[in-house]
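A.B. asks: Could you slot chains D and R onto chain C? The hints should help.
Chains as they are written, first to last, in this note's numbering: chain C, 3 to 232; chain D, 3 to 232; chain R, 33 to 312.
Take these hints with a grain of salt, some might be off.
[Claimed, not checked] With a cut-off of at most 16 Å between alpha-carbon atoms, the simulated EDC-like pairs for lysine to aspartate or glutamate come out as follows:
1. C:K39 / C:D83
2. D:K182 / C:E127
3. C:K130 / D:E179
4. C:K96 / C:E127
5. C:K182 / R:E162
6. D:K97 / R:E199
7. D:K96 / R:E199
8. D:K182 / C:E121
9. D:K39 / D:D52
[As the list claims (entries may be wrong)] Distance ranges between label pairs, derived from CB positions:
10. R:A111 / D:E179: 34 to 42 Å
11. R:D236 / C:N64: 53 to 61 Å
12. D:D83 / C:T37: 18 to 26 Å
13. D:L137 / C:A118: 34 to 42 Å
14. C:A118 / D:S99: 33 to 41 Å
Calculated directly from the structure, the hints in this document are not laboratory data.
We put the CB at the ideal spot given by N, CA and C, even for glycine.
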Amino acid sequence: MNQANIDNDLFAEQRIGQAIRIAEAILFASAEPVTGKMLAERLPDDVALDAVMERLVAAYANRGVNVVRVDDAWALRTAPDLGFLLRRDAPQQKKLSRAALEVLSTIAYHQPVTRAEIEDVRGVETSKGTLDLLLESGWVRMRGRRRTPGRPVTYGTTQGFLDHFGLAELRDLPGMEELKGAGLLSPRMPSNFAVPVPPVDGDLLGPDEDELTDIDLEELGLLTPRVTED
Amino acid sequence: MNQANIDNDLFAEQRIGQAIRIAEAILFASAEPVTGKMLAERLPDDVALDAVMERLVAAYANRGVNVVRVDDAWALRTAPDLGFLLRRDAPQQKKLSRAALEVLSTIAYHQPVTRAEIEDVRGVETSKGTLDLLLESGWVRMRGRRRTPGRPVTYGTTQGFLDHFGLAELRDLPGMEELKGAGLLSPRMPSNFAVPVPPVDGDLLGPDEDELTDIDLEELGLLTPRVTED
Amino acid sequence: MNSTRNEGETAQPVPAEELWADAKTQGLSEPELVVDVAGFEGPLDLLLHLARNQKVDLSQISVVALAEQYIGFIDQVRAMRLELAADYLVMAAWLAFLKSKLLIPKQRDEEGESGEELAAVLQFRLKRLEAMREAAARLVNRDRLGRDVFARGAPEALEMDRSVTFEASLYDLLAAYAVQRQRQAVSNVQIAARGVWSLQDARDLLVRMVGRSGQWSALDRFLAQYLTEPAQRRSLLASSFAASLELIREGKLEVRQDGAFEPIYMRPGQPRPRLVGDVN
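Extracted from the complex, chain C is given alone in its bound form (with noise of 0.2 Å):
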């Protein structure tokens, strides 16, 4: 490597340092996320954003504060395992009542939904104040149309739901891999629905499961998901 080759890397070096000082600085300076497209523009035009976060990502990856990424956008947070000391500071939030808490995941794992998709989903009418606190809290929204008959809204859940959740995006969701190759985010039954098959020797069966019913279950072919005879 020669002299010039060295000068250019420091260049760049100095570059890129000084464009990771201000991607900082408007992250600190922001208690919301601030997009990828907005930091951009701030950077001096020969950086690239994915090369300064990466860094970034990696400075504070070990500090008391952290830079997490939400969706298209970035943030700077506290470190979770710090939470119990600043803990005593913040406001008690009001917790979600378990009704709202069911309707919140059903949107998330299964957005865009309608509201007749999550009544499905939880077989009962969503009371009123459930949705309408939902929207109000900022973490769900309305999406937009269902392109069937009566176009139905759809919920899905916003960035500042992702946020709160500390989510860098909806395939974050815990169990959303499993959950859907099992088919249970479908809005129907899926054809090839895994019922798994059961022991065909009913000396297999747990001691529980035999107060079950009296009534002979292999009679009635509910054991074994084998087609019934007419």
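C.D. replies: Frame of chain C, contents of chains D and R only:
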């Protein structure tokens, strides 16, 4: 130095490292400068505050954000050379008043709508200031004139309105059933109650609507009168 | 125990019930005799709770046993003369119908979904509800902003291009609209008296039940069986009959009666993909 000493040093280093993380998180999350006393209370007992802060100040010395001392307290501040990123004395975003939101939503649902019609829907008089504010916001526009006596101006929403509220088209505004479903409207509204369906194309003039002409705009004081050339 | 609940969680999550603000544990942990139906989030929740008590994987559950337990539960509640939401009754009626289908061998000329298929759909719905419930528990146990993780305490305004100087969310807009329209209309609002089954109530129930069964069944009889008051039974039969005429006119329902005073059978009017080879 023997092994025991090295182990001791490593342990001490870990302790101070954790103390630095804690101080960093507290400064970050605090709305105000944090006093040395308050910091010391939260740090591990065997760690000296001065040593921690000295290291923290040094760590941030060349960053986009610095740790600064304010009297007997500490705070994080944007590096002075990056001050241009922040906007001083700039007007904050203003929340729309309740009255303005009511007028805006009435215009959105009932457009094209005249001022008298807005008042009819709301049951209260609409101040000129509110309409001016909405026009200024860029979400509301004068669309035309109603072909009725007095030729009142009709109001409608803009593309900027759709963009801001994340609507693909006006018809994405939820209808009566959906407002009920979301818990925003009581499920038991009088039978004669209806929520209008906004037009498919917000730009098309209604059958009883005339285009605004330059003369109209002049009359409304929105266009400076043309100086007729001699 | 439940074999679906091994997701490899690092930390043992707090049981969701304990995190819910209004967690009324009665009905969840206590014997079924102490009935607080309000503690359940609807009939499917109750079913899931009963299924859980069978202590097996949901796929191996006995739907017949489950139906009997549910119906038994509803009977107990009725014996105590507690008022039950219509949804619970609809489910009881439907389960009684499903049970009869499962117990009676399938007829050669019978159309529509078999009892086994309907039972599989029920299992699917129970599994899906349970999955969402577990997901909710995992979600609420995450490191949450404002509780475990914190944002900048002293944010500063950024010199960003802001073309809009006003802020308002779609929710603000819709809430403002609804509130003012409601305020204007409030003088006319009438609260309908309960006690009889209105045409609309009966119609809603029929639509839901017919949609679920998908074939000839005497739904109103199933339903009436689960009403405590004879007067309510009459009211329901009358309303559901009138509502069924309305639904027939709209082409949404077909009815059949084999003779005077015989049960009236109903099924959906629109031929659905599964109903090929209509025999008429």
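A.B. asks: Taking the hints in turn, state whether each one holds.
C.D. replies: Against the structure, the hints:
| no. | hint | verdict |
| --- | --- | --- |
| 1 | C:K39 / C:D83 | 30 Å, violated |
| 2 | D:K182 / C:E127 | 12 Å, holds |
| 3 | C:K130 / D:E179 | 13 Å, holds |
| 4 | C:K96 / C:E127 | 23 Å, violated |
| 5 | C:K182 / R:E162 | 14 Å, holds |
| 6 | D:K97 / R:E199 | 5 Å, holds |
| 7 | D:K96 / R:E199 | 6 Å, holds |
| 8 | D:K182 / C:E121 | 14 Å, holds |
| 9 | D:K39 / D:D52 | 11 Å, holds |
| 10 | R:A111 / D:E179: 34 to 42 Å | 38 Å, holds |
| 11 | R:D236 / C:N64: 53 to 61 Å | 58 Å, holds |
| 12 | D:D83 / C:T37: 18 to 26 Å | 24 Å, holds |
| 13 | D:L137 / C:A118: 34 to 42 Å | 39 Å, holds |
| 14 | C:A118 / D:S99: 33 to 41 Å | 35 Å, holds |
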